[in-house]
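Following my numbering, the numbering of the sequence shown begins with 82 at its first residue and continues without gaps.
There may be inaccurate statements among the hints.
Here are the simulated lysine to aspartate or glutamate pairs, EDC-like style, with alpha carbons at most 20 Å apart [as the list claims (entries may be wrong)]:
id	residue 1	residue 2
1	K207	D124
2	K161	E194
3	K267	E178
4	K161	D177
Derived from the structure by calculation, the hints contain no laboratory data.
None of the values given here were measured: they were computed from a predicted structure.
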Amino acid sequence: MSHGKGEAAANRRSKVTPERVALLVVCGLLAAAAIVIYRLSFDNYHTKRNLQTLKDENEAMSKNLSGPKCEKCWERHGGKCYYFSFGGATWQQSRDECRRQGGELVKIDSREEQEFLESIVRKEMKDDEDKFWIGLTDSVVEGRWLWVDGSELNTSLTFWNRNEPDNWKGEDCVRMGVKAGADDLKSWFDRACHIEQRRICEKPAGTGL
82 MSHGKGEAAA NRRSKVTPER VALLVVCGLL AAAAIVIYRL SFDNYHTKRN
132 LQTLKDENEA MSKNLSGPKC EKCWERHGGK CYYFSFGGAT WQQSRDECRR
182 QGGELVKIDS REEQEFLESI VRKEMKDDED KFWIGLTDSV VEGRWLWVDG
232 SELNTSLTFW NRNEPDNWKG EDCVRMGVKA GADDLKSWFD RACHIEQRRI
282 CEKPAGTGL
C-alpha cells in the first residue's frame, strides 16, 4: 500500500517538472527577446541620431565649401567677409587699414547683420571698453550720421545704447560692443575719433582670394 502511494507521488512530480521547465524556458525566451528588442530599438535610435548629426555637419560643410570664400582670419556671413582686428587704432587709421585689406569699415544694413556682429564682438571683447569701430560718423555735419559709403543712417534701423549719441567732448565716430550683451542689440556708442579702438572691416566674399 505504501509502495503504491509512493509511485503515485513520483508520477505527479514527474508530470509537474516538465511543465515547470517548459514555463521557465518560455519565460527565459520572452525575457531574452525583450532585451534584444530593447537593444535593437536603442541602437536604432542612436543610429538615427548619429545619421542626423552627420547630415547636419555635411550640410554645414557644404555651405562653407560652396560659394565665395573668405581669407584666413575673416568671418563669412551673408555673402560678406568680416574682419575683427586684434589691435587698436583711431577711426581714420582703422578705415585706412580696412581699405588696405580690400574692404571698408563695416556698414550695418539689417538687424540680422547687427545680431551677427554683436555676437562676435561680445566674444572678442576683453573688457567693456574693448569696443570696435564701425563705419559711421557725423564728423562732416554734427548730428548728420553718415556711413562710409556716403549714405545717411536709416533712423528706423539704429542700435544706439541708452542716452547715445551724447556727443560728449566732441564724439563724432561710432564704436560698438557691450561685453555682457546689449539689450535689444543696442550696442552703439559715439566716441572721439582720435581714440584707439579695434575695428570691424567688411568686404564681399571672394574678394582678395
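Hints the structure violates: just list their numbers, smallest first. 1 and 3
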